[in-house]
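Line order of the protein sequences matches chains A and B.
FYI, the numbering for the first sequence is 1 to 63, going by the working numbering.
FYI, the numbering for the second sequence is 1001 to 1422, going by the working numbering.
For the record, the hints were derived by calculation from the structure and aren't laboratory data.
Quick reminder that beta carbons are idealized off the backbone N, C-alpha and C, glycines included.
Just to be clear, a hint being listed does not mean it is correct.
[Claimed, not checked] Below, computed lysine to aspartate or glutamate pairings styled on DMTMM-like, alpha-carbon distance capped at 25 Å:
| # | chain 1 | residue 1 | chain 2 | residue 2 |
| --- | --- | --- | --- | --- |
| 1 | B | 1216 | B | 1193 |
| 2 | B | 1340 | A | 52 |
| 3 | B | 1034 | A | 49 |
| 4 | B | 1034 | A | 52 |
| 5 | B | 1216 | A | 52 |
| 6 | B | 1340 | A | 38 |
| 7 | B | 1298 | A | 28 |
| 8 | B | 1034 | A | 63 |
| 9 | B | 1298 | A | 30 |
| 10 | B | 1216 | A | 49 |
| 11 | B | 1034 | A | 22 |
| 12 | B | 1034 | A | 6 |
| 13 | B | 1340 | B | 1409 |
| 14 | B | 1034 | A | 30 |
| 15 | B | 1298 | B | 1031 |
[Stated by the list, open to error] Coverage of chain A stretches by chain B, computed from C-beta distances (three or more under 8 Å per stretch; other residues unrestricted):
| # | segment |
| --- | --- |
| 16 | 4-17 |
| 17 | 47-56 |
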Amino acid sequence: MRVTVDPAQCGCTGYCVRLLPEVFSLVDGETARAVAGDIPAHLIAAVREAAEVCPTNAIRIEE
Amino acid sequence: MQSFAGTTLDPSRGPSVSEMTWLTSYQDVDEALKAHEIVQGGGGLRDSEPFVGHGLLSLSGDEHFERRRIEAVLFRRAALERYQDAVLAPALHASLATCERGADGLARGDLQRLLRLALCRVSAALVGIDGVETPAVIDEYLSYMDRLSMGTNIEWASGDHREIIRVGRKLRAEFDAKYIQPSLRRREALVAEYRAGGRSAEQLPTDLLTVIVLHKNHFTQHSSEAMVSEVVLFNGATTGTITQAVPHVIAELSEWLAAHPEDRPRVEDRQFLRRAVIEGIRLHPASPYLIRQATAGKQLRSGRRLVAGEYVVLDLVKSSRDAAVFAPDPDRFDPHRVPKVRIRPMGLTFGDGPHTCIGMSMTIGDGGAADEDAPLGFAVYLVREFYRAGIYVDPADPPRWNDANVRNEYAAFPVRFDNLAR
């Protein structure tokens, strides 16, 4: 699984970072970002939850 | 500016909306929605507190994050597929069956009435209220929702707020006893069975009342009324906003298709329909205004300064027609519109930031979903189904406007269906 944040959709809520700081980051004045590369297996469920909780539907998952 | 004559009961909770600072440019509104120093200042925090206080709208910070996390289960793809296919589709079929046949054999009805009949059953399913199926119960349920929305929208009401609150509290108690409590008790029994190992999580209903029972401490930590507030909010948001939006989309799209017959085959194209729905909602937002409050001094990029404690109204009507973004024809419906500057596809009308409408995907689908089988979103689905049924807006019997409300609703929207099977 790979994950990205669509910058056009991101509402800068930081909810993804609250859930999963190992994967997502947010710098003031910018949109959130996700780590590049494959998501470790033990974080996959949490990434799915982050995508569900994101208020602006900005998280894209590639299986 | 529209006049809102009502005054708030507690001046410490800010001035009446007509006395607040109004932000009207796309850039200012967009920035205010995202700014961490500008928080929810309306729904549930002022006179509407008895109706939506401690509900999703009124929370901020950790509590809001936790509530969104808990309620996200209701908006998962599998849940949206079920609501659309197993609830909305048959509810729409039953609603269209109420159309009357004229001497020409064609079906006729009022679009808003048809939408209310169908969506009322969907919102009851989403919330978890059982038994909203027969015409008599549906009518009574709709009547409660209409009257309860007076309290939810009290900030904009020009009448006596004290009286609206008194009547609203009485109605809420009736609605709670008659509709919420019986369904809640059934879900408490199901959850008890699940916790005792006699039922799997997958066998629990996917609805708000079940979520509330599963997270009872979260929902009752501040007030026993929070649960009722959330039910009223979700009910009104599902039926009210989509019933308000779809007629506008049909009115605009019908005119567009008459002038652009080359687009007629595209009423089966989900991306075209989604853009048409978003464009219709841009011109006629379900919530025309939002109230926010600055928790600290803030200078917007436009140079506008807000002081700590200042209340602002975010004008979604004007900002969604801002010529700086939508020139040269910001007031015109154009489903192929390409904004002058890069903005989110859905613009501002579902909000932005943490309080983005939780029902956005439910309404317009997930634009990022790559596959064609993803749920369309209720508004997109309804528009498609109405065109499949041959909806026709007769220029000789046009929709009539309701001047008496702030939510841009029609008083009557007569339509004819040319392809509706008996």
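Now for the hints, and whether the structure bears them out:
Of the pairs offered as hints, the one joining residue 1216 of chain B and residue 1193 of chain B holds, with about 16 Å between alpha carbons and a cut-off of 25 Å not exceeded. Of the pairs offered as hints, the one joining residue 1340 of chain B and residue 52 of chain A is violated, with about 31 Å between alpha carbons and a cut-off of 25 Å exceeded. With a C-alpha separation of about 22 Å, the suggested pairing of residue 1034 of chain B with residue 49 of chain A holds against the 25 Å cut-off. Taken as a hint, the residue 1034 of chain B and residue 52 of chain A pair is honoured in the structure, with Cα atoms around 19 Å apart against an allowance of 25 Å.
Among the hinted pairs, residue 1216 of chain B with residue 52 of chain A is consistent with the structure: their alpha-carbon atoms are about 21 Å apart, no more than 25 Å. In summary, the hint linking residue 1340 of chain B to residue 38 of chain A is not supported, as the alpha carbons are separated by about 36 Å, beyond the 25 Å threshold. For the hint pairing residue 1298 of chain B with residue 28 of chain A, the CA-to-CA distance comes to about 15 Å; that is within 25 Å, so the pair holds. With a C-alpha separation of about 30 Å, the suggested pair residue 1034 of chain B and residue 63 of chain A falls outside the 25 Å cut-off, and the hint is violated.
Note on residue 1298 of chain B and residue 30 of chain A: the hinted pairing holds, with a Cα-Cα distance of about 17 Å set against a maximum of 25 Å. Distance restraint check for residue 1216 of chain B and residue 49 of chain A: the Cα-Cα separation of roughly 21 Å lies within the 25 Å cut-off, and the hinted pair is therefore satisfied. At roughly 23 Å between alpha-carbon atoms, residue 1034 of chain B and residue 22 of chain A fall within 25 Å of each other, so this suggested pair holds. Restraint check: the Cα-Cα separation between residue 1034 of chain B and residue 6 of chain A comes to about 16 Å, which is no more than 25 Å; the hinted pair holds.
Taking the CA atoms of residue 1340 of chain B and residue 1409 of chain B, the gap is about 29 Å. The hint is violated against a cut of 25 Å. Between residue 1034 of chain B and residue 30 of chain A the alpha-carbon distance is near 11 Å, which keeps this suggested pair within the 25 Å criterion. Among the hinted pairs, residue 1298 of chain B with residue 1031 of chain B is consistent with the structure: their alpha-carbon atoms are about 11 Å apart, no more than 25 Å. Against chain B, the segment 4-17 of chain A contributes 7 residues with a C-beta closer than 8 Å to a partner C-beta. That satisfies the three-residue criterion, and the hint holds.
Residues of the segment 47-56 of chain A with a Cβ under 8 Å from some Cβ of chain B number 5, which satisfies the need for three, so the listed coverage holds.
This entry does not satisfy hints 2, 6, 8, 13, going by the numbered hints stated previously.
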